[in-house]
Each structure stands twice: as C-alpha cells, then as structure tokens.
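Asker: Sequence:
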Amino acid sequence: MSMPTTETNNIKPVRNLVSTPVTIYLTGGLLIILTGFFSFFFCGSFLKKLLNIWNNLRNRNRPSNLIQPSIPPEHAGLGSKIIQSFPEFPYSVKDRGMDQCSICLIDFMDDDTMRLISTCNHFFHTICIDLWFESHKTCPVYRCELDVHKKSSRLFLKLYTKCVFCGLQETVDHLFISCQFATSVWEAAPFSNVQATLGTTNFTSALQASRKLVNLPPTGVHLVSLFPWIVWTIWLTRNQRIFQNREFDGMATLTKATTDAREWQQAQQEVHRAIELQTDPEIQPTSTIIINTDAAWKEETKTAGIAWIFYDVNGKPFRQGSGTEEWVSSPIMAEALCHP
0 MSMPTTETNN IKPVRNLVST PVTIYLTGGL LIILTGFFSF FFCGSFLKKL LNIWNNLRNR
60 NRPSNLIQPS IPPEHAGLGS KIIQSFPEFP YSVKDRGMDQ CSICLIDFMD DDTMRLISTC
120 NHFFHTICID LWFESHKTCP VYRCELDVHK KSSRLFLKLY TKCVFCGLQE TVDHLFISCQ
180 FATSVWEAAP FSNVQATLGT TNFTSALQAS RKLVNLPPTG VHLVSLFPWI VWTIWLTRNQ
240 RIFQNREFDG MATLTKATTD AREWQQAQQE VHRAIELQTD PEIQPTSTII INTDAAWKEE
300 TKTAGIAWIF YDVNGKPFRQ GSGTEEWVSS PIMAEALCHP
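Read in order, the letters of the sequence shown are residues 0 to 339 in numbering that gives the first Met the number 0.
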C-alpha cells in the first residue's frame, strides 16, 4: 500500500513584509523637516504677535507730547517734468576746463552729456543727476530745493502783497506810480514837465516818458535824469519801513534821491577831470639836450655858487661844471643867473 506523496515543489515560501532601514531613515527625515517648518512658521507668527502687543503697550504709555519720527513720503524725488526742464549740453574740456562730477567723482570728458541745474548753475552727468533726483528734490551741491511749486507753500517768510504805504494791492505800477506816497514824491519832483510821469499809471510808459524829463536848475543835477534815482529811493524807503520800521515822508525821499544823484554826478565829473589831465608822453628828438642847473647863495659874502649838468635824450650825462659869481644881491638873483 503506497502512501500519498506531497508535492513540495509547488509550495512558495511566504516573505516577511519588513521595511528596509533606508525607507525608515527617509520617512523619519521627512517628518523632522515638516515638523521644523511648521514649528518655525507658528513660532514666527507667535513672536510677531507678541512684538505688536509690546509696541502697542509701549506707545500707550508714551507721553503724547513727544515728537514722533516722520515717515518719508513714498515719492520723495523730483517730478519728471521739472527734471526735463533742466537743459542738457555736451561737455567741452577746452571751454570749461578740467572738472569732476560731484555725485560720482569722475572727471568730465569731452562730449559727456551734462544736465545744467539752472536754479543754481551747477551741472552734473545726466545719468548721475537723474538718479539723484529719484530720491531727492535738492541740488547735490547747493542743497536748494528745486520743487518750486511745493516750496512756495512752505515758506516761512512773510510775503508782503499789500502796499506798506496805503494797504492796497502792491504791484510795480502801484508802488512807483499810482500809490499816494509815490504821487506825493512825483508832484514835488523838480521836473519841467512832471505830468509826463503823473499822466500815466503804467510804470513802463512812465519810464519811456522819463527820457523827455528835464531837471530844473536848483537841483544841480544835469548829467542824469532824476527819474531812476527817485524810483530807487522809493524802493529803499519801502524796504526800510518793512525791515527797519523806519518811516520817511515824500519830501525826505525826494531829498535823498536828489542828494544821491548829485553825489554820483560829482564823482563822474572827477573821473572825467582825471582822465583829461592824463596826456600822452612827448617824444623827444634825438638831438635833444636836457640841462639841469642849481644855485646856492651866501648872504655874508653876497656870492652865489652855480652848478650845471647836461644829459642826452637817453638820460646819460655828458658834461657838467660849476662856478662862483660875486656881488649877487639875493637868492632870486642867484637862481636867475644859473638858468641858461
């Protein structure tokens, strides 16, 4: 009787599903990286929140009268229209000499493109100054603000738009012609035809008409018209009232204008007189002989000593001598005897 046999060839061994060490290491490293990333993110957010809370508490306890730091504006540079209004030109070493850009400190070369800041007459490389104007509104050298429209609204100087004499709107025509103060000066002005000035309210027309004005003799001014001197003195009187709180009436203003004009005229006459006294040196002929003589007189003996010396045209002496004369009655006679 035969026993049943078992076929062992068809039976496959079962493998253990156990992870290799490499897989374990990769999984652990990935978990560590993810854990660190989320920890860093949450810790950063938490610290930022704590910092904001701390700043709020500190600002709440700060006195209200402290000056807070100003935050610079986002657009701190100069506008493109203002930048383009500054002219460009090619640099020439021959015309302007050797110089360097104050921004990049590089020497200017021929044909370098320059931009001229017409407000202060400084010039720089166009690239350098355009880059500077992206964050500044001032000249790099002079530091003058170039944004004129915004600057005018921040001026701390008091602008006098009203006439200091009458309180009306101050203009050139009003200040020098129409104002009651100016009118009082022109009415007393020593002109033969003062109506040429008072007959108009326009300063330009009055200036053109002043060429026909004639100064009256009592002023003593005949080389120049009194018109510009009166205008200048009115301007000085206006400034003295504003800045020095000094007031002068119309007659005092006219007197000062006349005095200044007379002093100026006198100075010009002295200059012309000095010029007239200067004459060209006389050219001496080659045969000219220059003789220098001198005499001395002695009263006790009534004698005179006489000496002479001859020079040629070049100033070189070529003959000299001396002598004595008796019975000379006076020093004047001695001087007369020594002359040839």
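No wet-lab data here; the hints were simulated from the structure. Among the hints, erroneous ones may be present.
[To be verified] Under the rule of at most 20 angstroms between Cα atoms (straight-line distance), these lysine to aspartate or glutamate pairs were calculated in the EDC-like manner:
#1 K301 to E262
#2 K297 to D248
#3 K136 to D106
#4 K93 to D109
#5 K297 to E324
#6 K255 to E186
#7 K80 to D98
#8 K301 to D248
#9 K315 to E334
#10 K211 to E186
#11 K297 to E325
#12 K315 to D293
#13 K297 to D311
#14 K161 to E87
#15 K161 to D109
#16 K80 to D129
#17 K80 to D106
Asker: All the hints need checking, so say for each whether the structure fits it.
Answerer: So, going through the hints one by one against the coordinates:
| no. | hint | in the structure |
| --- | --- | --- |
| 1 | K301 to E262 | 56 angstroms, violated |
| 2 | K297 to D248 | 71 angstroms, violated |
| 3 | K136 to D106 | 24 angstroms, violated |
| 4 | K93 to D109 | 8 angstroms, holds |
| 5 | K297 to E324 | 11 angstroms, holds |
| 6 | K255 to E186 | 16 angstroms, holds |
| 7 | K80 to D98 | 28 angstroms, violated |
| 8 | K301 to D248 | 75 angstroms, violated |
| 9 | K315 to E334 | 24 angstroms, violated |
| 10 | K211 to E186 | 17 angstroms, holds |
| 11 | K297 to E325 | 10 angstroms, holds |
| 12 | K315 to D293 | 18 angstroms, holds |
| 13 | K297 to D311 | 32 angstroms, violated |
| 14 | K161 to E87 | 40 angstroms, violated |
| 15 | K161 to D109 | 51 angstroms, violated |
| 16 | K80 to D129 | 12 angstroms, holds |
| 17 | K80 to D106 | 28 angstroms, violated |
Hints 1, 2, 3, 7, 8, 9, 13, 14, 15, 17 from the list above are not met by this structure, while the remaining hints are.
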